[in-house]
Every structure is written in structure tokens, then in C-alpha cells.
Amino acid sequence: MAEEVNKAKKLPRHPMPEQEAKVRARNFDEVPFGYSNETAMAEASRCLRCKKPKCVEGCPVNVKIPEFVGLIADGDFIGAAHKLKETNALPAVCGRVCPQESQCESRCVLAKKGESVAIGRLERFAADYERNQGKMELPKIAPASGKKVAVIGGGPAGLTVAGDLVKLGHDVTIFEALHKTGGVLVYGIPEFRLPKAIVQAEVDYLKSLGVKIIESYVVGRIETVDELLERFDACFIGTGAGLPVFMKLEGENLNGVYSANEYLTRSNLMKAYKFPEYDTPIVKGKRVATFGGGNVAMDSSRTALRLGAEKSYIIYRRSMDEMPARDEEIHHAGEEGVEFLLLANPERLIGDEKGWLTGVECIKMELGEPDESGRRRPQPIPGSNFVVEVDTVVVAIGNGPNPLVPSTTPDLKTNRWGNIDADLETGKTSMPGVYAGGDIVTGAATVIEAMGAGKKAAVAIHEYLTS
Amino acid sequence: MNRIVAKEEFSQNPGVKMMQIEAPRIARKAKGGQFVVFRLNETGERVPLTVADTDPEKGLVTIIFQEVGKSTMALGKLEVGDCLADFIGPLGQPTHMGDYGTVLCVAGGIGIAPTHNIVKALKAHGNKVISIIGARTKDLLFWEDKMRDLSDELYVCTDDGSYGIHGLVTKVEEELLEKSRESGEIGLVIGIGPPIMMKFVCKTSEPFGVKTLVSLPTIMVDATGMCGACRVTVGGETKFVCVDGPEFDGHKVDFDEMLKRQSIYLEQEKVAVERYRHGDDCGCCDECGGNQ
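Those protein sequences? They're chains U and S, same order as listed. FYI, in our numbering the residues of the first sequence are 1 to 467. FYI, in our numbering the residues of the second sequence are 1 to 292.
Think of the hints as simulated: they come from the structure by calculation, not from any bench. Computed from a predicted model, the values in this text were never measured in an experiment. Just so you know, not all the hints are guaranteed correct.
Non-contacting residues of chain S with respect to chain U, defined by C-beta distances greater than 12 Å in every case (computed) [said to hold, decoys possible]: (1) S11; (2) G15; (3) K77; (4) L91; (5) G101; (6) R148; (7) V156; (8) E182; (9) P194; (10) F208; (11) T238; (12) H251.
Derived SDA-like pairs (lysine to any residue); straight-line CA-CA distance at most 25 Å [what the hints assert, rightly or not]: (13) S:K29 with U:L412; (14) S:K270 with S:N13; (15) U:K354 with S:K29; (16) U:K354 with S:E257; (17) S:K260 with U:M247; (18) U:K248 with S:I219; (19) U:K354 with S:T238; (20) S:K31 with U:E223; (21) U:K274 with S:D86; (22) S:K31 with U:R231; (23) U:K271 with S:I264; (24) S:K239 with U:D352; (25) U:K140 with U:G70; (26) U:K354 with S:Q262.
Every residue, glycine too, gets a C-beta built ideally from N, C-alpha and C.
Okay, chain S solo, but in the shape it has when bound (with noise of 0.2 Å):
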């Protein structure tokens, strides 16, 4: 159960993976926008993640994930072979599916990722899809190939200017609103990746009027509605990111204390990462052999 069957390094620092799961029932269930709950072993925390993608008749479930924490770290140690403690999904709700003419999709860093499961999803639908995909720099890219394949058109913007449009992914969005300002061709935005580039892909579309979704990768415990840890304001009521979203309407999202509650456990992701690297509990530590 919960097996790794493929595994895949897209960028070394920081550490960027793909790892392919052996979980049939979920390839089978899950659809674009949802998402798994992982937990390494019996000390483990529960982590959410977006789903990348499925393949429903192998009964495989590719999930993307930055290595930011000490879970994801260790998650990131694991080989081909190796198994998950729990692999738990789908979970919320699905992207909502609609004939929204043309979907523009703005997928900053990791958030290609479930990007691409709900632009498959999308035209799956019958709806034509242009995806913009950027990074801070070009190793940080990942899925291109997949993404243009996918897309009716594809634009890829680096913030040093190392690869594709020199700029943010914003620039891109305005322009491409800008021109679709008189035929109406857009009918929605999806704007996925970090919390501050969501606030940002919310605030160009705006101006006009184009109904903007985000992901909310807000902190989770059972994921199931239980605990309420990743509740977050929108439209001024609160909502629970597991069981109501991950999607919201961005334009009613309160980022700024979504980002505050991002930061609840800071410090103590400094003390566990730290007691990681250098702690006698990992046993794979390539700077002191893991016995410092």
C-alpha cells in the first residue's frame, strides 16, 4: 500500500520532487483540484497535497512537492520501493466544471503541479485553456512539455529572466485580460502557486472583472472538516479550506491573515528542521552521518 513507484528530481535547491504513488482507488477517484493527506510514519504530521495528476488504470497518483519542512524532506529521502505510513485522499472539492469558454491558468513555482490535474480537467470539459506557468528562475520549471501539450497556448515567465518572458506572471495576465477585455474570450482565472503571488494574480484580474479561483494551501490536521485549522475568511464568513474549497473565489479571499496563519508554527518548523539535519532520528544526514 501507498507505495512509491517512480520518483523524480526537478530541481536540486531547493529541492523540488515528483514522486508517483501506487493508490488505485484514489487514481480512480480523484479529480482536478483535490487533494491527498500524506503521513511518512507513526511521528509523522499530516500534510496535504494537491494532486498533480492520475492515472486511474495503473492506479497511480503523481504528486509535486517542495522540500520546505522537515516532513517534506524526509519525504524527499524516500526511494522507489519505500512506502507511506498513509496516504489518505481525495479530499475537498473538486474544480468546479463549467463551459467557461476560455480558462487563463496562472501557475507560479510549485503550483504547476495541481495546475496541470484541473487544465486536464478543463478540457477534458470541452473548454479552451491558456496556461501561464513562471518561476524565480528557470530550474524551478518543471512540466513544461506537459503543460503546452495540455494548453491551447502556453506562456512561461521567469523572474530573473533566465528562461521564456523576462518577468512576472502577472505581467502576462494583464496583457493577455487586456486583449480579451472586448471580445469577453476569458470567462475565469485560475491563479495557483505561493500565497503572495495568488493575492497578486487576484489583484490584476480585478480591474476586469473576471472571476478568479485560487488553491489555498492553508495548514491542515484530519483534513476532513474536524478541526478547523485551516480556516480562512472569504467574503467576510469563515470558511474551511478541507471540506469548502481548497478553491474560493480569490476576489473575496483575505489574504493577509491567511498569510499570518501560515506563519502560526514557524518557529517550530525552524526547531524540527533543525533537530532533522543535525538529530540522531534520521539516520541519513550527509553532514554529520547522523550521529551529531
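For reference, chain U alone in the conformation it holds in the complex (with noise of 0.2 Å):
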């Protein structure tokens, strides 16, 4: 065994190919373009396949990790796909968004002394696979319960929830808001990094199986959640964290200035990038700056690129090894040419008579002792503001739960967020037969987590119907 492993920790793992950086950051095609057969099998012998599997319980849904890795080493992608659908209702889309290295991939044994397992390419290949295959096999569902649910919102919590109780036989609406069905998966994360055909593909999986989707449906006005369950059994709120934070700012108004939120829904739900194709307009900043030194940041930064920006920064207040963004995506951005102005905080937004944005004047920060966060805390050096000139600002410094359901259902306890009050193991919120996970209940999080969140509310509900 110990000769194994240290043959397995010598071969470094496989790099999966891309789109070349200067070109890729002209267009909204995906930069990875994935391993082919004979790479992923090549990648998945790596896998020592460990009696206790430390990278599962690093998954928050519990992925059977060793065993599809196993079968695409055996060349079974078929097998792996279904292995992976067991526990996880959307491959395609953890394969690419998930942060592996500070989960399943954190915890590989290989990664001690060498690489680990590239286990989220390894999902992405075997997901792709099944799907380019125009097959997908469809699971037993368990005889008609004769319940129904209402699950309001569309994103990674909702479809998770609605997979999983549709399989337990419960009768299963998802309420979407918006005019499409993913949530942050296609308002939110771009093309060129989640292709929405993919998004669209899982949502048809769970139509297929039996989940009723109403888009369109602002549950809050249209419907309180105390007429829903007039006509449901049970309700699970995955509503997000769609209220964009700003910063408070002098000139935060002027045109030119966005939210995250705004920039990327017109990108990517509203596809402005394809104007006047498309009718949603976007500014076509030649200067972006970018605040915030997350995912979205970097998504956003990168989708200016793609605008036609020459210029693209993103400014954050602390230094890069404090950055929350996935190593791949701050990796990535640098490639197309995104310029980090880090130490720097956005003091002040200057815009022209006309009220368009001309730059943004802001200060050097210097970094102090660790906060609450265990991150060291910036602290501004007096004195040292300088200006940037640039005609585009998109504010990426986070997102606040979306107070429609709450504001419209009384009973349902919040905490001084606004965040829904609901057991972290179970979904259970403070009124009978209404879960909720995700995002509205976290705060913002990862994809996995709200998906892991939903998985947790699905066992409960489903043990609220039948008890």
C-alpha cells in the first residue's frame, strides 16, 4: 500500500485543457473545455480509493466519491454519472462551480504530500458524458404519496429539494420568480463559466422526473406563503440572497454604477451581451472597476473583459491571500488581464454634471491585526487616497437575504438580518410544515452548501408527510 501511495503522489495530476486566455477573454464561450476519455481515466487511477474516504466527508451531499471515480477509472462513465446522481442532483454544474479545494479535494490523502484527485473534473467529465450522450437514465420513483409541496424558488437549494422529494413520490412545484428557473445559476454565474444549456439540462432532468415548474411567480405578492399552504402539504423557501449590498457611498447613484447583482442579470439572464440581439441594454465600460474580492467579483470583472473593457480592476481592501475567491477564478481572471489593485478601499464615486461616473477616489490600506474572521483587519492609511478614472463600477461586496417572502409572512421568525430562523440540521423554520435552506438562511454561501442544505430539508419533509 505505502508503495502505492507514493506512486500515485508522484504522478502529478492531469491539467484540464482551456480556451487560450487572451482569446477566451473576448468571448462568453466556456474557458475549460474538459478531459476526454482517456485523461479522466488516467486522473481517476490516481484515487487510492481509502476504506474511509476523508474526501466525502468533506462534500456537503456526501458524494460516493471513491466509487465514481472507481468506475471512470474502469471506463463505466455511464455507471459513474448514476453513481453521482445517487446524492447529488446536479454533477454538471457542482463539477464546475463547487470550491473542491476547500472541500472533497482538501481532504484527499494525496493532496498531503502532493496533488489531490481532480475529483470535481473528474464529476464534470462524467456528468458531460451522460449528458452528451442525449440518454439520462431516470430513477425509480416511489409510489404517489398523495402530498404536495411548494417550493418556493428555483435555485440550487429549491431544485435539490424538488429532486428529492419527487423520487420519494411527494407531488412537487417549484414558484420561480424570475422568467427562467436556476436562481444564481443563470442570473447570476456567467456562461463562459456555467453554459446555461447545462443549467437548463438539469432543470428538464427534474421536469422529466415529475417536478412542476411555474416561472414567473413572485411568491411574496402574487401568493403569500399562507395561501401556498392552503393548497400544499408543505413548504420549503429557498428564496437566495438576492438584495445587493452597496457600500454607502458618495456617487453610488451615478450611471455607470451597478451591483453585482445587475451587471451579471443583465449579462447572463438578460444576455445584454448579445445587444441589440437581445433588447437588455448594458454599459460597455471601457474602465471597470470592480469592488469586492469574491466569486462574483471575479465573475464580474471577467464579464467587463468580455464587454470590450480595456481596463478591467478589481479593488479590495485586503491583500490577495485574504481574497474569498476560489484560487481557479482569481488564477483565471490575472490570465485575461484583470489588474489587481489590492490594499485599496473605495472612498468615493466622482461622476460629471451629466451624472456619469468618471472614477473613483480611494485609499491605501495597510493590514492589522486579525478580526472576528480570523483574516487581518485593513486599516486605511491617512493620506493616501489616490484616484482611478474609470466610466464602470460594479459594487461585488456581497448580498443580502431577499425580504419579499419574509416581509409577507408573518409568522416566520427572522434573525437582525433578515435571514429566515431555520434549524441548520433540518430546514424547520418557526411555523409548522415550512422549511427552508440555503442562502435566505445562511447568508450567502456556495452553491454545494445551499444544495447540501436542501438535501437536509428534503429528509425532513419528507418525514413531516409521512408521520
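Taking the hints as your guide, dock the two standalone chains into a single complex.
Quick look at the structure:
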């Protein structure tokens, strides 16, 4: 065994071919091409198939990682896809957007001395292989329970709840406020990182399992949760973190200043990058600054390049080490030409007399003692102000919970930030039969964490309906 | 779903049109002051329109729009029997209903449409309503009869004197507020119309100290509080029109900022209209047969 481990450690993980940086920075096509069959098998054979696989513990939905990786190594790609789907309803999505480096892959035994198995890339490979074969096998559906469940919000949490409950025989309806289902997968994450056709395929798959989807239906306005409970046996609320946070800076309402939500929604959901073929416009700035250091900031700054920006800056108040975005996203952004203005904080936005943005005044920062998040607290250096000329700003410093459902459901308890009070293990809220999960409960987090919450809620809702 | 069941043309140039849309749930739920969002087709943008009237029995929602951009022009080309890809609502907060005594409703141009639905609600709540409706010229006036039937008093103005009182709505507003100064009869003013008109309705009422509500027609995308495209400054604070509004205390609204924000996409709007008029995507252009 020890010999085998040493051998595997020495084999580097297989890189995934991708579009050349200069080329891809000007198109919206997906960046990586994915593994070939041969590369996938070679990468999968690096897995040691540990008896007590740590990687599984690192996954919020406990995907059976050694099993599916083993099936790929054996060349049974379809079998691998089915194995994935036993625990994960959206493997093609997770293979692309999960932060594997801090979850499954960080626990891989090989990571201790070398490089972990490329679990995310293999997940993506198996899911893509099955989809491209054009025959998605339908799992067994339990006999109809006669119970009806309303799922509010068609994002990662809602889709997971719906998929799990429909398989258990319940009659599930998703109510989606926007005209396309997928939540952040369709309005937030750009095409070049998650092609919308993939999301559509996952949504179609759920429909084929019997999930009903009603789009353009704004729960809270057209029908309240209390009203839904009159015609459904249980409700799941997964309405996400759809409330943009601004910085309350002077000049933040100048023309050319966007929330990341607006910038990305225009480009992704509304396809403004195809204007005028599509009707929704977007300001195609020449010099764009994005505030923030998370994945949303990376998506925004990379979108700006693809919309034709000559300069795309990330302005972040801490240093590269504290940046919350995935390494891969930071790396991709840098390769494509995004410039990082680190240890800098915007203080004021400057505009012309017609109300258009012309620049951002920043102050230089230095890192002090660690704060409650464990990251070193940035402090302004007095007198170090400087101005960056920009015509577009994207504020990507976070999102709050969308208040529409909580504010129209009087009996639903929320915390002081407006997040729904729900048990993290079951999703149970203060109202009987009402469950919640994902960003509306935890605040802005990741796709897979929302899916994990959805899985737990599905188990609890099933118990509630059958007990 | 979202089928157009009636259509009427109020004026030709600029085009002002009325449509009734089959949307039973919205018709039952929508209250005065709320709005809907429509999307024409797969490539369409999301456009907010304030509800002009509802018929909960028949399940119909009435919208009135002026053809000012590509989307409203294309909407105007649709006929009875056609369907909209999306018709979403009701959105925003309803007009707050209270016992205001007498409410003075001042409506300019296309603003007559939402005002109608609000007057209907105010009357149902037992208020006395005095309405002023006005437009640039006679052709742009509509629903005078409906407004007369609903209101306790109605004044009609045109800027060019082609019909009714010659002058701006604010002239009549000022006279009525002056008359009510002693009695304090008018407890609320509601002004709805083009932004510049609303700004002056507020300027007129301010010295009288009468609370004035305006309904703001800002740019929106999702219209559920998610994007912040519609943000305005009210009393020094940023508010989202789609969820906090669309109605705000007009004496606190930063109209100048709002007017600037309304101009963000003027260039793109021109491109879209030009392309629509002469492009090959419309197939319905009278001038070039759609093939130029």
C-alpha cells in the first residue's frame, strides 16, 4: 500500500485543457474544455480508493466519491454519472462551480504531499459524458404519496429539494420569480463558467422526473406562503441572497455604477452581451472597476473584459492572501488581464455634471491585527488617497437575504439580518410545515452548501409528510 | 396565458394604446398603485407598467402604454389573441389606504392610467377625490369619462389649450390647494405622470405643506428587489422603487438624480428603435417591408 501511495503522489494531476487566455477574455464560451475519456481514466486511476474516504466527509452532500471515480477508472462513465446522481442532483453544475479545493479535494490523502485527485474535473466529466450521450436514465420514483409540496425559489437549494422529494413520490411544484429557473445558476454565474444549456438540461431532467415548475410567479406578491399552505401540505423556502449590498458611498447612484447582481443579471439572464439582438442593454465600459474579492467580483471583472473593457480592475481592501474567491477564479481572472488593486478601499465615486461616473477615489490600506473572521483587519493609511479613472463600477461586496417572502409571512421568524430562522440540520422554521434552506437562511454562501441544506430539508419534509 | 383580449388605440402620434390581458390571478390580487412587468418574447427585456384597471370577475388586467421605445412599439403591434411571454405581478407596494378626507389626484399624460386605479381604490375606501388630468394636447388625453365617473370633481387641462382648461395641471393644483388652505380639506396630493411634471406637482404643493405621493417610473430588471437598477434617493436614503415603492413622499425624492438615471440607456434605446424600424427582425415595418 505504502508503495502505491508513493507512486500516486508522484504522478501529478492531469491538467484540463482550456481556451487560451487572450482569446477567451473576448468571448463568452466556456473556459475549460473538459477531460478526454483517456485523461479522465488516467486521472481517476490516481485515486487510492481509501477504506475510510475523507473526501466524502468534505462534501456537503456526501457524494460517493471513491465509487464514482473508480467507475471512471474502469471506463464505466455512465455508471459513474448514475453513482453521482444518487446523492447529487446537479453534478454537471457542481463539477464546475464547487470550491473543491476547500472541500472534497482538500481532504484527499494525496493532497498531503502532492496533488489531490481532480475530483471536480472528474465529476464534470462523468456528468457531461452522460448528457452528451443524450440518454439520461430516470431513477426509480416511489409510488405517489398524495402529498403536495411547494418549493419557493428555483435555485440550487430548491432544485435539490424538488429532486429528492419527487423521487420519494411527492407531488412537487417549484415557484420561480424570474422567467427562467436556476436562480444564481442562470442570473449570476456567467456563461463562460457555467453554460446555461447545462443548467437547462438539469432543470429539464427534474421536469422529466415529474417536478412541476411555474416561472414568473413572485411568491409574497401573487400568493403568500400562508395562502400556499392552504393548497400544499408543506413549503420549502429557498429564495436566496437576492438583495444587493451597496457601500453607501458618495456618488453610488451615478450612471455607470452597478450592483454585481444587476451587472450579471443583465449579462447572463437577459443576455445583454448580445444586445441589440436581445433587447436588454448594458453599459459596455472601457475602464471598469469591480469592488470586492469574492467569486462574484471575479465573474464581474471577467464579464467586463468580455463586454469590451480595455481595463478591468479588482479593487480589494485586503491582500491576495485574504481574497475569498476560489484560487482558480483569481488565477483565470489574472491570466485574462484583470488587474488587481489590492489593499485599496473605495472612498468616493466621482461623476460629471450629467450624472455619469468618471472615477473612483480610493485610499491605501495596511493590514493590522486579525479580526473575528481570523483575517487581518485592513486599516486606511491617512493621506494615501488616489483616483482611478473609470467609467463603470460594479459593487460586488455581498448580498443580503431577499426580504420579499419573510416580509409577507408574519409568522415566519427571522434574525436581525433578515435571514429566516431555520434549524440547520432539518430546515425547520417557526411555522409548522414550512422549511427553509440555502442563502436565505445562512446568508450568501456556495451552490453546494445550498444544495446540502436542500438535501437535509428534503429528508425532514419527507418525515413530516409521512409521519 | 397572458393573452391579449382587447386592444384600443387612444392616440396615433405618439402611439398611446390600451390592452386588456388575461391574467386571472393578478387581476384578483393587484391593488391600486401596484405594477406588472411584461416580457414580449425570448429576446425581450423586462418592462414595468403600472396597472390601469383590473376586472377580478373576468380575470382581466388593463394596461395603457405609450410607444416610446422598442419594447412598447413591439407591444403595440400585437393584436387581440396574441400572448405575451411573461406578465408578472402584482409588484411593488399598493397605495397606502387611509382616511385622507379629500385627495387631490394630479395626472399627466400616460399617468392617467395608474391614477385611475388609485382613484378607484381611494373611493372604495371612502375618500373624496378631486382629479386633475392633463396632457400636452387633446389627442393625448384618454379616459376622461372614467375619471369623471370615479371622481367627485374633475378638471381637464391641455398645455396648448386644444381642450379644457388652457394651461398646466399645476396651475389648477395651485388654485385648489389655495382654496383648501383655510379648511385644510385636501389631506393628500397624488401626482403621477412624466418625472418633470411630478417634480413640479411637488414643488407646487410644498409651500402648502400637504403630503404628496408620486409614483416613480424608474428602469428595472428583475423588479423583485434583486438588482438595484431602480434605486432612487428619498430623504437622503437609497430606496428601491420595485420593492419599497413605486410610491414615495414626493417632497423627499431627488428628482434630478432620478432624471439623470433615466437617461442611462438613451443611446442603446436609439439603436434598438432604429434596428426595429429598419431591421430584418421585425417583419412588420411599413416603411421597408422588413427586409431592408
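- prompt: Which earlier hints turn out false for this structure, listed by number in ascending order?
  reply: 4, 11 and 15
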